[in-house]
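Trainee: Chain residues, written in single-letter form:
There are 2 protein chains.
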Amino acid sequence: MSLITPRTLKGFRDYVPSSMMPRERLIETAKRVYRSYGFSPIDTPALEYLEVLQGKGSDETDRQLYQFVDHGGRAVGLRFDLTVPLARFVAQHASELGMPFKRYHVATVWRGENTQRGRYREFMQCDFDTIGTQSVVADIETALVIHDLMLAIGFDQFTICVNNRLVLNGLLEKLGLAAQATAILRALDKLAKIGAENVLEEMQQQAQATRAQAQQVLQLAALRGTADEVLQQLDTILAGSANGAAGAESLRQVLSGVRAAGVPDTRVKLDLSIARGLDYYTGTIFETYLGPLPTIGSVCSGGRYDNLAGLFTKQHLPGIGASLGLDRLLAAMEELGMVEKVATPASVLLTYFAPDHLPAYLQLAAQLRAAGLRVELYPEAKRLGQQLKYADQRGFRVALVAGDDEWARRTCQVKDLRTGESQEVNLDPDAEPVAQAIHAILSSDLPAPEEH
Amino acid sequence: MSLITPRTLKGFRDYVPSSMMPRERLIETAKRVYRSYGFSPIDTPALEYLEVLQGKGSDETDRQLYQFVDHGGRAVGLRFDLTVPLARFVAQHASELGMPFKRYHVATVWRGENTQRGRYREFMQCDFDTIGTQSVVADIETALVIHDLMLAIGFDQFTICVNNRLVLNGLLEKLGLAAQATAILRALDKLAKIGAENVLEEMQQQAQATRAQAQQVLQLAALRGTADEVLQQLDTILAGSANGAAGAESLRQVLSGVRAAGVPDTRVKLDLSIARGLDYYTGTIFETYLGPLPTIGSVCSGGRYDNLAGLFTKQHLPGIGASLGLDRLLAAMEELGMVEKVATPASVLLTYFAPDHLPAYLQLAAQLRAAGLRVELYPEAKRLGQQLKYADQRGFRVALVAGDDEWARRTCQVKDLRTGESQEVNLDPDAEPVAQAIHAILSSDLPAPEEH
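One line per chain: the protein sequences are A and B, in this order. Under the numbering used here, residues 1 to 452 are what the first sequence spells out, in order. Under the numbering used here, residues 1 to 452 are what the second sequence spells out, in order.
Any given hint could turn out to be false.
In this list, chains with the same sequence are indistinguishable; a pair is considered to hold if it fits within one copy or across any two.
Once the Cα atoms are required to be at most 25 angstroms apart in a straight line, the calculated SDA-like pairs of lysine to any residue come out as [unchecked claim]:
| id | residue 1 | residue 2 |
| --- | --- | --- |
| 1 | LYS389 | THR226 |
| 2 | LYS341 | GLU28 |
| 3 | LYS341 | GLY420 |
| 4 | LYS56 | ASN114 |
Calculated directly from the structure, the hints in this document are not laboratory data.
This is chain A alone, in the form it adopts within the complex (with noise of 0.2 angstroms):
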């Protein structure tokens, strides 16, 4: 029989262990954020009816869709987000969930992209919304979490970007463009790649503004100054626009309240140049950017939209949310060095060359593992050196050997694998003087490892 040739599709990808424990850790520590604001966890199928899913992005994510007639001659597609299963979802339950409805979805998505662009067909999104309220609390609230994640991830240096779509759309209005608004939006979202004057040029020619008109436009995004400042400065552009108004207001309740939360200002900054090219979003908008790797990218973005599930349903449905970037992050955390490169979770590794020995080495095993220890015991007799390079391959940081003169005296090496250094330890009682001696190990690093 021939052999078939081991292959994954071209743009789909293994998670090696050295890439999905920094995958699945920063899942776990976005979930444990999202939990303490409150957010529930939900989740939904990932093949839905085709109708579902057609239509409710863009041309681009229609052409994407995976999509097949399945084995009851249904029509489905393989979900493309998570935002168009979260409307399908809260229209279907809303009676049962109750609002306001705050939930995260840690979840797969699939489009068939060109791979070219280096973009991958599989990925996961990391969303979290608040549903159902319009109160400027959850505003305050989205930025407080992203800045929370960004914490707990590790980064210390990182600007959350904030706006508001009715501050652009007051000065629309005033210009008399408001009808062109999604066509500036879209010139706008692209200053930072194209530059000022492309975006002057695209506004003219894909919105029929005037250069005046699309001069002001970039005016009003290029404010600079403290928050306050920005702020009176708008209060006399938007003058007699409504939108304008609220849209000012707004941001200075969401700025005051992240700071009555302790957020410093150099955190969360007023950005009126951010817009984020999504028709949908009606009001606050954010954008987030890593201090030491600003080039790479928003790593959390969302925003406030008016009515999520308009086309399941008849209940009017505002929301905000976000998304975090997670592929962008990791790949953020890989360049400035955040990622340990370890293949195991265990932080200890007792080798195992005494067979006579078995039960001994798995009342260690177990006795360390008690202590709140990770511990794999190498499965086979081989010699101690092969079992060290092993050891040393994975990345475990502690090396436990025993043999017969150990058992003998009831003790175990304990060996740092960082330094290289060994230590005879007692095993009695309970293996507790090991348990310390590797506890000992595992907290002269910084920061600490985690065990379970």
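Dock chain B against the given chain A, drawing on the hints supplied.
Mentor: Just chain B now, kept in the frame of chain A:
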């Protein structure tokens, strides 16, 4: 525009918070235990080349496969288990991974099952395996992982039944039935379901055994007594069969190994009647039954196989592993009242009804989160009764109430939502007295609720 009916596909389901939270907790518990033994996480794509999946399970899994042609004209399918992807993964990355390789994989799989049997078409598997070693240490640790897992989930009455395929094979060799082993196994596997008489019938009809031969197989399965007694009887029954003797010796080592690790004999039992229908097991096999609910079937099963990835590589990769039956376990936990009916991960609802004091509410919530509590701030200044009803419906444990009077006095009301009792507690310094009052309420519950 007419609305789209919000609905899920037949055989698929949504998880609302009250059903998703216990699932998420169970999965996290499993991961924690797997990690404590040095199992590493991996992930593989949901979609694979069809040739990777097809013909790898049974005719039934082939029929149930979700398959289609993708944008690039490739025949693809959704994975129907995690074992076939593991085989492909290990063959593809063997040199990078090194052996032994211990992995866990928690992921969704899809099968176009007949839903009339109460089966779902999308479900989650939760597997762990040790690849690349034939050492009995891996067999022992597989039993220990199952044991620690059941304890960590909250069960103390359960039985891990252990058998070894070689024992039965040894007997079949002696009876001259080795060639019909598969048909004998299939019949034996139904013993609990259809009873001895029907199994005898099936062995005669499907495996061409004589009634006397079939009776000898059933006598082996029926051996009772302490493990030592049964193993002693086995030595006589299997005398002369090398396979049989190897199976009995392995069982002896597994049983004494788990005992050495401190597991009581009542929890790991030799049971010569378990057979596990799957052809590919070749050595130790496991099934796990809940003491209070044995009829629900095995909640964690697995065993040793000879060659994982023979279809993908010439490298010989023996292994052993098991799979946690997530849905079955959750159903059991629900039936046994082990699942608290809550719809929020937060224990504290901070009610909100004096908008002028929004900064104070935000500060209090931030301080309590910093003290390790999960706190939801209600986003709208609705009537207190309405907010307390919300707290009750979601299952919050504590509500905090602060209006103009309390803020003026720098206090807040801490309300135990189970007893209905309230106490007025000082906010200063840093909301510490409030955090202490909440912790006191939470720690009065048994078991202690998990906080971040």
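Trainee: All the hints need checking, so say for each whether the structure fits it.
Mentor: Structure-based check of each hint:
1. LYS389 <-> THR226: For LYS389 and THR226, neither the intra-copy (56 angstroms) nor the inter-copy (42 angstroms) Cα distance is at most 25 angstroms.
2. LYS341 <-> GLU28: Intra 18 angstroms, inter 23 angstroms, cutoff 25 angstroms: intra and inter.
3. LYS341 <-> GLY420: within (19 angstroms within a copy, 51 angstroms between copies)
4. LYS56 <-> ASN114: within (20 angstroms within a copy, 31 angstroms between copies)
Taken one by one, the earlier hints fail for this structure only at number 1.
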